[in-house]
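Peer 1: Chain by chain, the residues run as shown.
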Amino acid sequence: MVSEKRVLVSCGTSIATGTVAAVKVKEIAKEIGVPVRIVQCKAQEVPSKIMTFEPHFIITTGQLPDNVSVPVFKGLPFLTGIGLDELKAKIVELLQQE
Amino acid sequence: MREERRWVREELVVLPLDAANAAEAITQLGARLQDQGFVKDSWIQATIEREKVYATGLPTAEIGVAIPHTDAEHVLQQAIAVGVLEEPIEFIEMGSTEDKVLVTIVCALAVTKSESLASLLQQLVEMFQSPGVLRQIADAKDPGEIVEVFDQKLQAGD
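Residue numbers (this note's numbering), protein chains in the order written: chain A, 1 to 98; chain B, 1 to 158.
Where hints are given, some of them may not hold.
[To be verified] Quick list of the computed label-pair ranges, beta carbon to beta carbon:
no., chain 1, residue 1, chain 2, residue 2, range
1, B, Glu98, A, Glu98, 34 to 40 Å
2, B, Glu90, A, Pro47, 28 to 34 Å
3, B, Lys153, A, Gln44, 31 to 37 Å
4, B, Glu126, A, Gln97, 26 to 32 Å
5, A, Gly83, B, Thr97, 18 to 24 Å
6, B, Glu10, A, Ser48, 43 to 49 Å
[Claimed, not checked] Calculated lysine-lysine pairs in the PhoX-like style (CA-CA distance at most 20 Å, straight line):
no., chain 1, residue 1, chain 2, residue 2
7, A, Lys74, B, Lys100
8, B, Lys52, B, Lys100
9, A, Lys88, A, Lys49
10, B, Lys52, A, Lys42
11, A, Lys26, A, Lys42
12, A, Lys90, A, Lys5
13, B, Lys153, A, Lys42
14, A, Lys30, A, Lys5
15, A, Lys49, A, Lys30
[To be verified] For the chain B half of the interface with chain A, some residues (derived, Cβ under 10 Å), not all of them:
no., residue
16, Ala55
17, Val111
18, Val149
No wet-lab data here; the hints were simulated from the structure.
Source: prediction; values computed, not measured.
Every residue gets a Cβ at the ideal spot worked out from N, C-alpha and C, and that includes glycine.
Please put together the full structure from these sequences, using the hints given.
Peer 2: The structure is reproduced here in structure tokens:
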């Protein structure tokens, strides 16, 4: 089985938008049978979470963090449905990577 | 749905909403919420300020939607006030500081518990992505039609 992936979901003040994205990521991981650990945080906590949690990638519904060493994606498609297929495909690819 | 747990009521629908920008839209919808006793008089300003920092424009296909809201401390009873504009106005896209969205439908959200917001958002997101729903709301001829769409699609809150 593919190894567990760590996903950081960051948001603006509304943790709720991050939760919507986190739920969707969980569903995608479940669909393809990859174990995933998701941590939610606020935009300003991203740099420290990158160090302590070491996510494989980041989804954000808030501001895009700059200068991060892991792939970051806007979570907006989860909320609007636009560009959702492309986002899902990228997430699946990263989840399945070893 | 039990009356006190409905999210949208006819008195909270502004059709058409006459606003030139996000602040005006929030003010008008907030005034309805306030008049009907759903939010405190601090809600409007708090929501306008929040929108400046954490924009809520959603670039859904064809018909843009915005979901302005603020913290539960400004809310007395949960509700959603819905405004439909004849001419779309600009909101900033969620997660951005400058990308704009042309918005036709504004849903001002008033939740009493911040934990409820995630569940409400999930339902709204499903609703906005359902084919034809946004068109139904945008083309509605009277508030009753809009209330019905929300009643069908949203579960009662807590």
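Peer 1: Check each numbered hint against the structure and report the violated ones by number, ascending.
Peer 2: 9, 13, 15, 18
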